[in-house]
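Colleague: Residues per chain are reported as follows:
Protein chains: 2
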Amino acid sequence: MKKGADYDLIVVGAGPAGMTAGMYGVRSGLETLVVEKGICGGLSNEAPEIENYPGFKKVGGMELAEKMKEQASEYVEIKELEAVKRIELMEKEMRVFTEKGSYLTNAVVISTGTKHRRLGVKGEEGFLGRGISYCATCDGFFFRDKPVIVVGGGDSAVREALYLRNIGCEVTLIHRRGELRAERYLQKNLEETGVHILWNSVVKEIKGDKAVRGVVRYDKKKEIEDELPVEGVFVSIGEEPVNELAVQMGIMMDKNGYIIVDKSQRTNLERVYAAGDITGGVRQVVVACAEGAIAATAAYNDLLEFSVK
Amino acid sequence: MKKGADYDLIVVGAGPAGMTAGMYGVRSGLETLVVEKGICGGLSNEAPEIENYPGFKKVGGMELAEKMKEQASEYVEIKELEAVKRIELMEKEMRVFTEKGSYLTNAVVISTGTKHRRLGVKGEEGFLGRGISYCATCDGFFFRDKPVIVVGGGDSAVREALYLRNIGCEVTLIHRRGELRAERYLQKNLEETGVHILWNSVVKEIKGDKAVRGVVRYDKKKEIEDELPVEGVFVSIGEEPVNELAVQMGIMMDKNGYIIVDKSQRTNLERVYAAGDITGGVRQVVVACAEGAIAATAAYNDLLEFSVK
Chain C
593 MKKGADYDLI
603 VVGAGPAGMT
613 AGMYGVRSGL
623 ETLVVEKGIC
633 GGLSNEAPEI
643 ENYPGFKKVG
653 GMELAEKMKE
663 QASEYVEIKE
673 LEAVKRIELM
683 EKEMRVFTEK
693 GSYLTNAVVI
703 STGTKHRRLG
713 VKGEEGFLGR
723 GISYCATCDG
733 FFFRDKPVIV
743 VGGGDSAVRE
753 ALYLRNIGCE
763 VTLIHRRGEL
773 RAERYLQKNL
783 EETGVHILWN
793 SVVKEIKGDK
803 AVRGVVRYDK
813 KKEIEDELPV
823 EGVFVSIGEE
833 PVNELAVQMG
843 IMMDKNGYII
853 VDKSQRTNLE
863 RVYAAGDITG
873 GVRQVVVACA
883 EGAIAATAAY
893 NDLLEFSVK
Chain G
593 MKKGADYDLI
603 VVGAGPAGMT
613 AGMYGVRSGL
623 ETLVVEKGIC
633 GGLSNEAPEI
643 ENYPGFKKVG
653 GMELAEKMKE
663 QASEYVEIKE
673 LEAVKRIELM
683 EKEMRVFTEK
693 GSYLTNAVVI
703 STGTKHRRLG
713 VKGEEGFLGR
723 GISYCATCDG
733 FFFRDKPVIV
743 VGGGDSAVRE
753 ALYLRNIGCE
763 VTLIHRRGEL
773 RAERYLQKNL
783 EETGVHILWN
793 SVVKEIKGDK
803 AVRGVVRYDK
813 KKEIEDELPV
823 EGVFVSIGEE
833 PVNELAVQMG
843 IMMDKNGYII
853 VDKSQRTNLE
863 RVYAAGDITG
873 GVRQVVVACA
883 EGAIAATAAY
893 NDLLEFSVK
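Going down the list, the sequences are from chains C and G.
This note's numbering numbers the first residue of the first sequence as 593 and each following residue consecutively.
This note's numbering numbers the first residue of the second sequence as 593 and each following residue consecutively.
Simulated from the structure, these hints should not be mistaken for laboratory data.
There could be a bad hint or two in this list.
The list makes no distinction among identical chains, and a pair is therefore deemed to hold if it is satisfied within one copy or across any two copies.
Stated by the list, open to error - The list that follows gives simulated cross-link-like pairs (lysine to any residue, SDA-like), each with its CA atoms no further than 25 Å apart:
hint, residue 1, residue 2
1, Lys847, Leu696
2, Lys684, Glu775
3, Lys649, Lys671
4, Lys661, Arg736
5, Lys802, Glu771
6, Lys707, Glu797
7, Lys799, Arg709
8, Lys855, Glu775
9, Lys812, Asn860
10, Lys659, Asp846
11, Lys813, Glu836
12, Lys855, Met844
In this text, all values refer to a predicted model and were calculated from it rather than measured experimentally.
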């Protein structure tokens, strides 16, 4: 394929989705490049331990990312520390502009992921991976039988709370308002399962030694401050898709800013695909990888057709 | 949840999809059982070496399946050698009848996979994993620069041939008819890439020593038989979904017999999900695992709602 372009496929973002897309791209015979603004691994680097990635009983998030990077690098070039600034759609090819130069490509996979909305309080950064988590499915199992708080009031916060309660954590939900935004049935379930709720409250500080030992809570209504002894703090005040490129290119997104894809990970733009957390859905490493594989496979199939035209 | 039932979730089939669904089910707090008619691993057991499962540079299909089994077994009970005969939908629960008994469950994941249509010729079984393959994406890389044949004439056979040609194999396509069934653009591509086609021909026997060395080809039109020296035989005469249960339960399938699912792996029946190859799509281990994770997550979310009703 290739012909006029520098590459058949450029993958933007080297989390699990992007690395897998890169590997599958090259293995299909596509000249592929992966470009990453930071380092490989994406949010999986934040998971202290992953127990539910099939094939590994227990693996550090960074370790798994490192393995994937080594494996992908056997096939595909991955340029780290090179942010993509914009992508220009031309008549046939696309031009990918980075901090360091530009590349002409026949197809693009957007796998720029999401970032957690942070609380922005004292202690939050320091205890990351030592009691602070942004994902109950990832880390909840380490907190069975322990007191934890979930911060948030939407669907995902309530799901996180229920998940943690269900696996045996002692759960308190802290919400800044006087009522939850979450769906009714989730709320009803929450009441039944004995999750304690602290209304009109915010976390002001996270305290501990080697790990989290408690949080300072401020009750906005009563205007009092107290300290809660907890070992886990699950922050669930939202995710933010990293969608600047999608916006710039005119890719269709849902109301939350996640890229809309079909079953083959195609976006509304021809030969532009998206994979991983940027597409929403179940945010698990194995799901991101699968989407990367599917996106590259779709790119390969579409480019076969493209090169015939 | 549970209440009247024996289980919250029963997973039928312990390939990569089923094992992952089982693990995710239990990790969500669902009382889960996995039932498998044979042994764990499904079709992945047939892949001699897998190089594209993210996290493993190179792993035997059986070895990967074994790892997944060990990991899943830390959470979920897997009953091997227990075929499910039928599943009866009741007013709320479902009853799963196996060779050995029956279980009442609130939800079911169908992950019964597919089986390859076989050529049914001499040598086929014996050389499995030693030159006979049913998946170019899985095994093609081992045959770079080597002469291989692809048997078949449909889309997937042509895709297999193109894939193999693209990575550098010397490819001959053998088709029993005088023209291909494959899409036009695939055929055009095939012509351009220099894949040799033997029309009106069938493979009568596969020969070799420790590995495949050739095939006996019969030209039905000319009524002659000759021997082709090849090292790889890629059989692509179709997959058959193992869909007897789906048929019996009234699950909606596409025209090829694959189960139709939504983005959360839900079927048309309430609290019945499907994952892995039985749903069609890109047939890769990582994709099956992801679908298993998504299906169990959907089951968990739906059962939360179900238990409130």
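Colleague: Compare the structure with each hint and give your call.
Modeller: For each hint, the structure was consulted:
Neither within a single protomer nor between protomers do Lys847 and Leu696 lie at most 25 Å apart by alpha-carbon distance, with minima of 31 Å and 40 Å respectively. Taking the shortest alpha-carbon separations for Lys684 and Glu775, only the inter-copy value of 23 Å comes in at or below 25 Å, while the best intra-copy value is 45 Å. Taking identical chains as interchangeable, the C-alpha atoms of Lys649 and Lys671 lie at most 25 Å apart only when they sit on different chains, with a minimum of 20 Å there against 30 Å within one chain. Taking the shortest Cα distances, Lys661 and Arg736 sit within 25 Å of each other only across copies (23 Å), while inside one copy they are farther apart (32 Å).
In this assembly of identical chains, the alpha carbons of Lys802 and Glu771 never lie at most 25 Å apart, being 34 Å within a copy and 70 Å across copies at closest. Taking CA atoms no more than 25 Å apart as the test, Lys707 paired with Glu797 passes inside one copy only; the shortest distance there is 21 Å, against 56 Å between copies. Taking CA atoms no more than 25 Å apart as the test, Lys799 paired with Arg709 passes inside one copy only; the shortest distance there is 20 Å, against 61 Å between copies. In this homomeric assembly, Lys855 and Glu775 come within 25 Å of each other (Cα to Cα) only across copies, at 20 Å, whereas the closest approach inside a single copy is 27 Å.
In this homomeric assembly, Lys812 and Asn860 never come within 25 Å of each other (Cα to Cα): the closest approach is 45 Å inside a single copy and 47 Å across copies. In this assembly of identical chains, the alpha carbons of Lys659 and Asp846 never lie at most 25 Å apart, being 33 Å within a copy and 38 Å across copies at closest. For a Cα distance limit of 25 Å, the shortest separation of Lys813 from Glu836 qualifies neither inside one copy, at 38 Å, nor across copies, at 60 Å. In this assembly of identical chains, the alpha carbons of Lys855 and Met844 lie at most 25 Å apart whether taken from the same copy (15 Å) or from different copies (18 Å).
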